[in-house]
Structure formats: C-alpha cells, structure tokens
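2 protein chains.
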Amino acid sequence: MNIVSILKLIRPAKVAHLATADSSLQPYITPVVFVIDKDKIFIPLDYKPKTVPIKQLKRVKNIQKNPKVAFQVDNYEDDWQRLWFILLMGYAELVEQKEVGGDQDKNIRKVHDLFIKKYIQYSKVEIGTIFIKISALRGFYWQYNT
Amino acid sequence: MNIVSILKLIRPAKVAHLATADSSLQPYITPVVFVIDKDKIFIPLDYKPKTVPIKQLKRVKNIQKNPKVAFQVDNYEDDWQRLWFILLMGYAELVEQKEVGGDQDKNIRKVHDLFIKKYIQYSKVEIGTIFIKISALRGFYWQYNT
Numbered sequence: 007m008n009i010v011s012i013l014k015l016i017r018p019a020k021v022a023h024l025a026t027a028d029s030s031l032q033p034y035i036t037p038v039v040f041v042i043d044k045d046k047i048f049i050p051l052d053y054k055p056k057t058v059p060i061k062q063l064k065r066v067k068n069i070q071k072n073p074k075v076a077f078q079v080d081n082y083e084d085d086w087q088r089l090w091f092i093l094l095m096g097y098a099e100l101v102e103q104k105e106v107g108g109d110q111d112k113n114i115r116k117v118h119d120l121f122i123k124k125y126i127q128y129s130k131v132e133i134g135t136i137f138i139k140i141s142a143l144r145g146f147y148w149q150y151n152t
Numbered sequence: 007m008n009i010v011s012i013l014k015l016i017r018p019a020k021v022a023h024l025a026t027a028d029s030s031l032q033p034y035i036t037p038v039v040f041v042i043d044k045d046k047i048f049i050p051l052d053y054k055p056k057t058v059p060i061k062q063l064k065r066v067k068n069i070q071k072n073p074k075v076a077f078q079v080d081n082y083e084d085d086w087q088r089l090w091f092i093l094l095m096g097y098a099e100l101v102e103q104k105e106v107g108g109d110q111d112k113n114i115r116k117v118h119d120l121f122i123k124k125y126i127q128y129s130k131v132e133i134g135t136i137f138i139k140i141s142a143l144r145g146f147y148w149q150y151n152t
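Protein chains in written order, with the working numbering: chain A, 7 to 152; chain B, 7 to 152.
If you're looking for bench data, these hints aren't it; they were derived computationally from the structure.
Same chains, same label: a pair holds when it works inside one copy or across any pair of copies.
Lysine to aspartate or glutamate pairs mimicking DMTMM-like chemistry, simulated, CA-CA at most 20 Å apart: (1) 64 / 28; (2) 130 / 84; (3) 112 / 132; (4) 123 / 83.
All chains, full assembly: derive it from the sequences and hints.
Written out as structure tokens, the structure reads:
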C-alpha cells in the first residue's frame, strides 16, 4: 500500500502515537493529535498545558538530534477479528509560524485551520505556532485477518 | 510516582503501545496486550496470526540488539480534560517456556494463566511460549489537569 493511500486511511483518526529515539537508543512514545496536509502529517506542540518549555520536551529534543520517527494509528477492540494498525516511518522536523504573509506562513495557517476543523476542542484551547511536521517514507497496514 | 504505583494503575488496561529502536536510531511502535506479574510487564509474541517467524519480527530484532524500550498506556477522549498517559522506560528481554518443571517454567506458566484470566480471547487463540519481559526503570504519569 502506498503512502498516499495510507494517509487517506488514517486521516479520520483522532489520536495517534508518535515514537522518537534519543542518541542513546532510548525510544519514547507520546499520544498525539494530528492533521494531514497533502503528504505531510502535522502534530501541534501545545494542544494541552505544558509544565516545561516546548524546546525542552523530550520528543522535541529527540527530533532535533534524530529526525527518525514512527507514527502509528491503530484500532483495539475486544473482538480481535477487528484489530488493525497502520505504521508509518519517516522524518520529523519542527515548523513554526514566524513571518506574517510569507509562503511558509500560509502553509502553517492552513494547518492551523485544519486542526480547528478536525478538533472542536480547539474552539477553547490555544493551538500555538509550532508543529512537528512528518514526511513519511514507508508505511504498512496490518489487520488481524491476513 | 514510583514504578509499583504506576504498574498498579496500568494493570486494568487492555492495550498498550511498545516502542523499540534499531541501531540506526529508527523507532518502531506496536500496539500490544500485556499482563503484569510482580514488577515485570509481559507481552505475548503470538496473540495474533503472524506472517513472519517470531524471531524475524522487527520488535524482536530491535530488542535483541537494543533492549531499551518505552511502554505506554493512555486514554484519549473527546473531553480533553480527561486525557492521561503513563509512560514507562526500561529494558526488554525475550523469555521462553522451555523446560517443563523448572523454576523459569513455573513463572511462565503463571504469566500464561494471567493472560487467560485477563483476555477472554485466549479461550480461542493460542498464546504461545515466547514473551517479551519488560523491567521498568522509570515512569511517569501525565494528565491534562496538571
């Protein structure tokens, strides 16, 4: 299954899991909300109260040293016949809404709007201006009945 | 929060996420079922049909080269006030039921029984004899309202 088909499948999911790894090979997982714009996945960095500054978050520090990430959407049910997951592997970078009016700014505004449309919670919660942007290189789909 | 308290909290959860990393720093995620015996987490390696031999599974190859793992249980709801997650970091190893009657065998039998008790699905699905055993070293609990 190609990346475009996989991205279409995961688009409606509300939550996903992001794995990063630090240079000592220690993996790290965070549950994340996300939107897809064209072939990129975007994850906000302040959809919830943070007790540490964004740049000090473990996932951010990991990505800055090691951009390789795994991104997963899955379905768990008591009926195991209906289990499935989608795993994407790729590279992450941080993108920030900086210059008002620039091309980069337009793209980020679009991402911002996609979040507001997908998550009604953002009518009350500030999204912020920094996002993790994932370029997926490979992906696969697994289901119980294969 | 200490590891014992965290393990108590995650015990009832039916599904968790396991992250491993290979030597190129590429992280990998798998949704997993699990049980807890004393201070260890056990994950079966054949609770679902596999198209590749167990030893060829990416998570198994990763663990054999790099035992560092992250293990996460989380709750996603539309009401973000109720979001929480628990993240554990530790070491993983493979354990196998080999000798009938030995001490190791008794421990694995207990794990086997814990799975049958926790997951009614195992009345129809074979559990197998190989498990990932995680020794958690550090953990933390996050909730939205902090």
